[in-house]
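Asks: Same order as they appear, the protein sequences are chains A and B. Under the working numbering, think of the first position of the first sequence as 2, with each following residue one higher. Under the working numbering, think of the first position of the second sequence as 57, with each following residue one higher.
Treat the hints loosely; a few may be bogus.
[Stated by the list, open to error] Here are some chain A residues pointing at chain B (derived, C-beta under 7 Å):
hint : residue
1    : Val228
2    : Ile230
3    : Ile318
4    : Lys319
5    : Ala322
6    : Tyr326
7    : Pro328
8    : Arg333
9    : Ser334
10   : Ile348
11   : Ser349
12   : Ser352
13   : Ala364
[Said to hold, decoys possible] Sample of chain B residues lacking proximity to chain A, with all beta carbon distances greater than 10 Å (derived):
hint : residue
14   : Gln242
15   : Leu310
16   : Ala343
Hints are computed from structural coordinates only; laboratory data are not their basis. Ideal placement from N, C-alpha and C gives every residue a C-beta, glycine not left out.
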Amino acid sequence: MTIKTSNASDRPLVQVSQAVKTYGHTRALSGVELQVNAGEVLGLVGHNGAGKSTLMRLLSGLERLDNGTVDIGGMTTPGAFGFSGVRMAYQESSLAPELTVRDNIYLSSARWLPRWCWHKAAAESVVSRLGEIFPDHGIGPNEYVDDLPIADRQRVEIARATITDDLKLLILDEPTESLSGSAVDHLYNYVRKLKATGVAVILVSHRMREILSVSDRVAVMKDGAVVSIHRAGEVSERDLLLAMGGEVLVTEANATPFGPAIDGGRSVVVRVPMTTVSGEATEITAREGEVIGLAGIVGQGQEEVLDRIWHGKRGDIKVDATRAYVPGDRQRSGILPLWNVDRNLTISALSSLSRHGIRQFDAEELLVDKWVKKLNIRGGSRATITGLSGGNQQKVIAARAFASNARTILLDDPFRGVDVHTKAELYQLIREEAAKGRTIVWFSSENSEMQHCDRVYVLRAGRVAGVLHGTEITDNRIITMSFAESETNAA
Amino acid sequence: MMNFRNLTIPAWTWSFLAAFVVLILTFMVAGGGAKTLTLAFTIAPYLVLVGLGQMLVMSTGAGNIDVSVAKVFSLGGLVSIAVGEATGSWVLGLAAAMAAGFALSCVSLASIIFIRIPPIVATLATSLLASAVSLTLAQGFQGSADPVLKGFLGSAPMGVPAFALVVLLFTIFVQLMLGRTTWGAQTLAFGQARRASEYAGVSATKTLTIVYLTSGVLAALSGALRASFSAPNVELGNDYLLDSIAVVVIGGTLITGGRSEPAGIWGGALFFILLDGLLNLIGWDYAGQNILKGFFVLAVLFLASGVPIIHRRSASANPADLTLPEAADSTASGASFDVQASAERSTVT
């Protein structure tokens, strides 16, 4: 591979100005300003929903802007292959699992491989690139991707992104999340090497120490904008946390004791064994009538905890009560598209309403009327579910769970993309139902929602990073805890 | 085309309309009268029974299909006659056939649920298994149906086949089960959105188990009765694979799952049986008949999946009506008619 040294002029390689991107009512980017120079490593940090992913999708040409401009090496609109010279290694691997490593390389880099007899060329290029980045990798080009352990898949993903003839900008999205020890060092050595040849690298990571040790500058995103840019040498982890909206309470927050607190009187109905970030055994527990939050950066194990409680048969879990689940992905996991609001609402409650398996239509109707009225569902009980707005659909799906006789309700980040008014109604519903003795376990990617909880477990890499009680639950503390790195975890 | 949205005619009526059109054409072509209908109602119940099982399977969502019905049907026939002959009891014969259908469905289910083989492949494998057993059984097969059962299946007091009434009652039972029980609601919920229904508390394993077992048992039972009506044969069920899927689709059941139309199966079955008779009348050969049937299924699927001009997303109007002009066209082009030929095709010797 030859790496072209970038344009000799002083113009930055990447110039984003006034970038605005909205999805429905959600403003993902609200006027981003960013410059990346050739031969520079830019760290990018920010909490959930700060707009990092949207910005990276924009730079790799997957998204178009609603407003503003982006200019990468002279190109202002992405072509069929995105912006030329921009490659991205995705956190959730973009590899096709049923293909071999070699085939995946061809899929992604066909333009730089021979058109015929590409097998050997693709295999050679991936072996040599893997060898260059991770000298001790041991991955064969003919191995199937789904046979590889996750760390190796991540290595291939990174190598895949770099196999091109004209690399100008490499975006690494959480590249070290599944790598360990020496692999991390190898990767960053390679990043420094790329930098020396004039390639720009954007490193998105939650690992502050890595960001600070590798980057030249660090950009902090918050609420869809770049709020500050720091020279890596002149800034500390605490400064970055502050800029993201965290509190400088690292030590105090970590000192919060684990385990049950306050309300000792009511019985524990859910008990999930976990480990803390420092490797000690702990538990996520929920008492009758409690609202328990699972917070932290998205994808750090919160959904796995819900899944363990929902299936509730993996031996280690203790769940006393019947359960209902409110999924976040309405379209795929929520609505029953052929049915009206009424049947969508009653499906979970049917068996408890029926007599010997025979449906009791009058009882169903009463239940539907009660919930349609209570949650003010637009269109009423006979409306088609697909005709409702997202917020009203979500009301129906929440009502489905609460209308059942389940004692424990699991919420899987269900209020994403729901309007403020609906959210307020549903928060109130959650508190009311908890007051009636139901237990709520609630994963949310929006930290501010967690204030409605009695207790919040902040998860990091599948482990418990900390617990917050009552008034301790603030955006700032959750953010701070989300980034807590223990000695064992920091490679 | 716009007023389609406002139509509230149930989806199953279109298949009856199609059957009615073919009946009229048959009358026009060959004259005849109630006898044609009696014959159709004598033959239709076997297809309806298989179709009901197939409908339940297809209602559980895209990808769910039982392609083993044809071979299970044939095996059911052989088993029931063999056991009936050996024990002297036709009841035991039918029970044995149902047990065979049950056992074969268990094989399909094990592959679908535990090994996660796509249903079409799993039931195809079961189909081969059933076929192998049938061929073994058929070697030097001697046996004939119990005269009591045979008499019942052939009886039609006042032109109304008794067996058809029994199957009609069963159809109503299935309709009630789907509409008025928790099981029915859960099955249909599973069919329209598998993941959503599982989060709503519907068990995938239970749902799939019930529908595949029902399909296998009904196919074997239908085969057993059909063999008692005529004679057991390894080839007896062959037509029932395409036909069972076709009558389900033409009857208005969504191939993508979540909506069942048991009544429509009667319309579909009568349509097909009358169509067979009519095509025989006008001299179409077997291959031609199958091509036309296949075309009808594709036409219905094509229309049901939303041809742009119709633009129907809601489950209000069924597109089967649009196939009618084609049915009329193709059938009207024939020339030689003989009601006896129709009868020959319908009655099995």
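Asks: Are A/Ala364 and chain B close enough, Cβ to Cβ, to be under 7 Å, as the hint says?
Replies: Result: violated, 12 Å to nearest chain B Cβ.
Asks: Determine whether the non-interface label on B/Ala343 survives the test: each CB of chain A must be over 10 Å from its CB.
Replies: 37 Å, holds
Asks: Does A/Ser349 pass the interface hint, meaning its C-beta sits closer than 7 Å to a C-beta of chain B?
Replies: Check passed: Cβ of A/Ser349 comes within 5 Å of chain B, closer than 7 Å.
Asks: Close enough to count: is the Cβ of A/Val228 nearer than 7 Å to one in chain B?
Replies: 38 Å, violated
Asks: Against chain B, is A/Ala322 within 7 Å by beta-carbon distance?
Replies: 13 Å, violated
Asks: A/Arg333 was flagged as interface toward chain B. Is the shortest Cβ-Cβ separation under 7 Å?
Replies: Status holds, d = 6 Å.
Asks: Given a cut of 7 Å on the nearest C-beta pair, is the interface hint for A/Lys319 held or broken against chain B?
Replies: 20 Å, violated
Asks: Non-interface claim for B/Leu310: all C-beta distances to chain A beyond 10 Å?
Replies: 8 Å, violated
Asks: With 7 Å as the cut and Cβ atoms as the points, is A/Ile348 at the interface with chain B?
Replies: With Cβ-Cβ at 5 Å, under 7 Å, it holds.
Asks: Hint check: is the beta carbon of A/Ser352 less than 7 Å from a beta carbon of chain B?
Replies: 5 Å, holds
Asks: Quick check on A/Ile230 please, does its C-beta sit within 7 Å of some C-beta on chain B?
Replies: The hint is violated - A/Ile230 has no Cβ within 7 Å of chain B, the shortest such distance being about 42 Å.
Asks: Any CB of chain B closer than 7 Å to the CB of A/Tyr326?
Replies: 5 Å, holds
Checked against the numbered hints above, the structure violates hints 1, 2, 3, 4, 5, 13, 14 and 15; every other hint is satisfied.
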